[in-house]
Amino acid sequence: MNISKKTENGTVTFSPEGWLDTVSSPELGDMVDAVTEASSLVLDFDKVEYMSSAGLRQVIATHKKAKALDASFAVINVCPTVMSIFRMTSIDRKLDIRAKVD
Amino acid sequence: MAVAFASAFFLFLSVSFFLLRHNVRVEMEHYAKSMVAIYADLAVYKANDLEHPIDTSFNDVLSFYGDYMCTWYRVDYMFAYVPDIKNGTITYLSVNWKEKKFGETDEDYMAGDVEEYVLTEEELKVWRGEQQFSVAKSGWFESGTDVSMAVDDDFGNRAMMCITVSISEFMNEMMHGFLIAAVCTSAFIAVLALFLYLSIRRRVSIPAGNISKKMGDYISGGKLSKVKLENANDDEFAMIAQSFNQMTDDIDAYINNISQMEKERERQRSEADIASRIQQGLLSPNYAYLRNCGIKAVMKPAKSVGGDLYDYFELDESRTMIVVADVSGKGIAAAILMAIVLTLIRQYAKIGYGPSDILKNVNLTLSEENSNLMFVTAFVAIYNSATGKLTYSNAGHNLPYLIHNGPVRLEASGGTPLGLFADEEYEDAEVEMADGDSVFLYTDGVTEAVNGNGEFYGTDRLEKVLKETSGTIKKYYVEAVEESLRSFAGETEQNDDITMLSFLARRMPVLELDYDVREFAKIRECLLDSFLPKSLIMDLCVAAEECFVNICSYAFDGPAPEGEKIFFSLEYSNKVVITFSDGGRQFDPRRDLPDTREYDIDTAVGGLGRLIAFTVADTVDYKYEEGRNILTITKLLIK
Numbered sequence: 003m004n005i006s007k008k009t010e011n012g013t014v015t016f017s018p019e020g021w022l023d024t025v026s027s028p029e030l031g032d033m034v035d036a037v038t039e040a041s042s043l044v045l046d047f048d049k050v051e052y053m054s055s056a057g058l059r060q061v062i063a064t065h066k067k068a069k070a071l072d073a074s075f076a077v078i079n080v081c082p083t084v085m086s087i088f089r090m091t092s093i094d095r096k097l098d099i100r101a102k103v104d
Numbered sequence: 269m270a271v272a273f274a275s276a277f278f279l280f281l282s283v284s285f286f287l288l289r290h291n292v293r294v295e296m297e298h299y300a301k302s303m304v305a306i307y308a309d310l311a312v313y314k315a316n317d318l319e320h321p322i323d324t325s326f327n328d329v330l331s332f333y334g335d336y337m338c339t340w341y342r343v344d345y346m347f348a349y350v351p352d353i354k355n356g357t358i359t360y361l362s363v364n365w366k367e368k369k370f371g372e373t374d375e376d377y378m379a380g381d382v383e384e385y386v387l388t389e390e391e392l393k394v395w396r397g398e399q400q401f402s403v404a405k406s407g408w409f410e411s412g413t414d415v416s417m418a419v420d421d422d423f424g425n426r427a428m429m430c431i432t433v434s435i436s437e438f439m440n441e442m443m444h445g446f447l448i449a450a451v452c453t454s455a456f457i458a459v460l461a462l463f464l465y466l467s468i469r470r471r472v473s474i475p476a477g478n479i480s481k482k483m484g485d486y487i488s489g490g491k492l493s494k495v496k497l498e499n500a501n502d503d504e505f506a507m508i509a510q511s512f513n514q515m516t517d518d519i520d521a522y523i524n525n526i527s528q529m530e531k532e533r534e535r536q537r538s539e540a541d542i543a544s545r546i547q548q549g550l551l552s553p554n555y556a557y558l559r560n561c562g563i564k565a566v567m568k569p570a571k572s573v574g575g576d577l578y579d580y581f582e583l584d585e586s587r588t589m590i591v592v593a594d595v596s597g598k599g600i601a602a603a604i605l606m607a608i609v610l611t612l613i614r615q616y617a618k619i620g621y622g623p624s625d626i627l628k629n630v631n632l633t634l635s636e637e638n639s640n641l642m643f644v645t646a647f648v649a650i651y652n653s654a655t656g657k658l659t660y661s662n663a664g665h666n667l668p669y670l671i672h673n674g675p676v677r678l679e680a681s682g683g684t685p686l687g688l689f690a691d692e693e694y695e696d697a698e699v700e701m702a703d704g705d706s707v708f709l710y711t712d713g714v715t716e717a718v719n720g721n722g723e724f725y726g727t728d729r730l731e732k733v734l735k736e737t738s739g740t741i742k743k744y745y746v747e748a749v750e751e752s753l754r755s756f757a758g759e760t761e762q763n764d765d766i767t768m769l770s771f772l773a774r775r776m777p778v779l780e781l782d783y784d785v786r787e788f789a790k791i792r793e794c795l796l797d798s799f800l801p802k803s804l805i806m807d808l809c810v811a812a813e814e815c816f817v818n819i820c821s822y823a824f825d826g827p828a829p830e831g832e833k834i835f836f837s838l839e840y841s842n843k844v845v846i847t848f849s850d851g852g853r854q855f856d857p858r859r860d861l862p863d864t865r866e867y868d869i870d871t872a873v874g875g876l877g878r879l880i881a882f883t884v885a886d887t888v889d890y891k892y893e894e895g896r897n898i899l900t901i902t903k904l905l906i907k
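Here the protein sequences come in this chain order: A and B.
Residue numbering for the first sequence follows the numbering used here, beginning at 3 and increasing consecutively.
Residue numbering for the second sequence follows the numbering used here, beginning at 269 and increasing consecutively.
Hint data in this document are derived by calculation from the structure and do not stem from the laboratory.
Remember, it's a predicted structure, so these values are computed and weren't measured experimentally.
Glycine residues also receive a C-beta, built at the ideal position from the N, C-alpha and C atoms.
Check each hint, because a few of them may be wrong.
Computed from the model, here is a short list of chain B residues facing chain A with C-beta under 7 Å [what the hints assert, rightly or not]:
1. 329
2. 523
3. 535
4. 619
5. 785
Calculated cross-link-like contacts (lysine to aspartate or glutamate; reagent style EDC-like; alpha-carbon spacing at most 20 Å) [stated by the list, open to error]:
6. B/568 with B/761
7. B/833 with B/893
8. B/802 with A/35
9. B/802 with B/761
10. B/301 with B/391
11. B/802 with A/51
12. B/735 with B/759
13. B/354 with B/335
14. A/8 with A/29
15. B/405 with B/520
16. B/802 with A/19
17. B/790 with A/48
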């Protein structure tokens, strides 16, 4: 899986691409784990077209990491298919999840 | 209005005046003639009586009578003279006029005065005795009438007696009477006009205003209401009002009619809609992934209901029947026949008939009672996945394409269209199909689709698209031809139903998978390769992944025994059925599902995946059979 990382003014943004499933998700977890300092953690889902509970677990893990670093956390540019997964688990009401605006 | 009326009145007065004047003039002439005759008689009588000829010395006598007549008998001038025709002069014998005082004489006109005067033609005639009177108009505005007459006394003297009467004398009196008459007439006309005005106002203006107002109300969107009729009126306006009321009745009736018709049309439209839905409901779903094949079909009627049909169904584990047919004609009649044909074919297929026998029997049934001579072209084929053979028979239909590397038309085999000849025989033909080969069936609505220039889509374009699509991984022939037709025809309305069916020979995908989450890639591949819509594939992937990962994680405490596999199968026609079978420990995934309302993301561990799978699926069934967990996920398809 191709995941790009960008650091800017203390904001660390991860942009995974493609399918965030059981096989590919741990990669994102490893990259998030490696972060030692941030004022804000952002997951840019612009290029994520699929997400299963494995991906969802990494989102929750990233949220926990942000909490540990005392940083803010958000998932942005979420497509409708992936958004429905957040909705059916009610995660969208507990975390800052932002849908893609076309 | 007033000006016009005044002008008309003035014109009327003028005409009356001139008519009157003419009459007066005629009267006047008579009067003048009698006066001159009296004057002449008196003169002659006196002359004879006095034995004194008429000459200048006779002036006194003439003067006396002349003065008398001028004073009392409305005569302006009276004079007598003797003309000298040769010298062009006249010698006055007597001259009298109205203003002259009685018995007075005048220096200017004296008896014996000679004046130059040439007699007129008429006066000459009178003088010569050829006629009695000469009459001439004289004075300002021809207001006078001169009458001359010749007289002879017994002494052989002849004199011209002349008299001039003025119209004014007569007109004064006349005008007096005339003015009184005019005033009376005017007053009468004024009263009549007022009466007419009031009458018109009551009978015309008020009803007209009333009608006009009602019409105005109607035009500005109000309701059309009747004009109240004045009772006992039977004039034209009452008739107009009656007509208006009649018209309001008629319009009401028309509007009522139109809304009735509109309702009727609405009813017919909704019936046609229902018919269309029933017809579409008769057809099998437009895609299916059966045990030995994949099917994608489309039926686009030219009208709301069409005469085309496609059908497919599994006869048994290995055999699937496919049909495309085209009923002659369009609309409800064709749709009814289409439903009959569809039912007959299914019934004969269920009995176990092969394609040619199905066609033969349907043909027989249709031919027996086909007074309307409607007919059906049909192609019927049965694919047997066990032998890899496609058996088919054709009743006058377009021959389908078998697509291996590129499209190749099937060999003709069969007979005439159904419903025409009861004794027609049909034959079967057979063709080998390799795994992954397709058959593309269609009706002539495809090749005869027209564009804005009136060109037909044709077989060349069709074959080109099929060839191009056969080179791609996804064999979406129907979609590709549909797309090609859309770009060819644009918005042009099509005359014929368009029906296509693409049949992909393919074994039921039963995947044998290791207990390893990485094996999910194969499931993903299988789902992506289906004919299903993309969004549905995504949902199915999530559900399948959650279940598969769950099985991999919890089936065994350690690694799975050698040779132990998870079986995955996918089937769909009117619903998608995914089945997992594993030999791990007995576990019902429906138990202990987390509740999202109480789910604490910071502390909770598992369960989320199953929750997602159960939410996405319509039903999840579980059973434990012969040492295996059988998990079935079902998702309904909305047609």
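Checked hints:
For the restraint placing residue 329 of chain B at the interface with chain A, the shortest Cβ-Cβ distance is roughly 137 Å, beyond the 7 Å limit, so the hint is violated. Residue-level restraint check for residue 523 of chain B is violated (minimum Cβ-Cβ distance to chain A is 48 Å; threshold 7 Å). Hint on residue 535 of chain B is violated. Least Cβ distance to chain A is approximately 40 Å, over the 7 Å limit. Using the Cβ-Cβ criterion of 7 Å, the hint placing residue 619 of chain B at the interface with chain A is not satisfied: the shortest such distance is roughly 46 Å.
For residue 785 of chain B, the interface hint holds, the least distance from its beta-carbon to any beta-carbon of chain A being 5 Å, beneath 7 Å. For the hint linking residue 568 of chain B to residue 761 of chain B, the alpha-carbon distance of about 12 Å falls within 20 Å, and the restraint holds. Note on residue 833 of chain B and residue 893 of chain B: the hinted pairing holds, with a Cα-Cα distance of about 16 Å set against a maximum of 20 Å. Only pairs whose Cα atoms come within 20 Å are accepted, and residue 802 of chain B paired with residue 35 of chain A is rejected, the gap being roughly 33 Å.
A hinted pair counts as satisfied when its Cα atoms are at most 20 Å apart, and residue 802 of chain B with residue 761 of chain B does not qualify at roughly 30 Å. With a C-alpha separation of about 14 Å, the suggested pairing of residue 301 of chain B with residue 391 of chain B holds against the 20 Å cut-off. Restraint check for residue 802 of chain B and residue 51 of chain A: the C-alpha separation of about 11 Å stays at or below 20 Å, so the hint holds. Annotation: proposed proximity of residue 735 of chain B to residue 759 of chain B is violated, straight-line Cα distance about 26 Å (limit 20 Å).
Distance check on the hinted pair: residue 354 of chain B and residue 335 of chain B sit about 31 Å apart at the alpha-carbon level, beyond 20 Å; violated. About 16 Å separates the Cα atoms of residue 8 of chain A and residue 29 of chain A, which keeps this hinted pair within 20 Å; it holds. Between residue 405 of chain B and residue 520 of chain B the CA atoms are separated by roughly 76 Å; this puts the pair beyond 20 Å, and the hint is violated. With a C-alpha separation of about 18 Å, the suggested pairing of residue 802 of chain B with residue 19 of chain A holds against the 20 Å cut-off.
Between the alpha carbons of residue 790 of chain B and residue 48 of chain A the distance comes to roughly 26 Å, so the proposed pair goes past 20 Å and is violated.
In summary, the structure is inconsistent with hints 1, 2, 3, 4, 8, 9, 12, 13, 15, 17 from the numbered list given earlier, while agreeing with the others.
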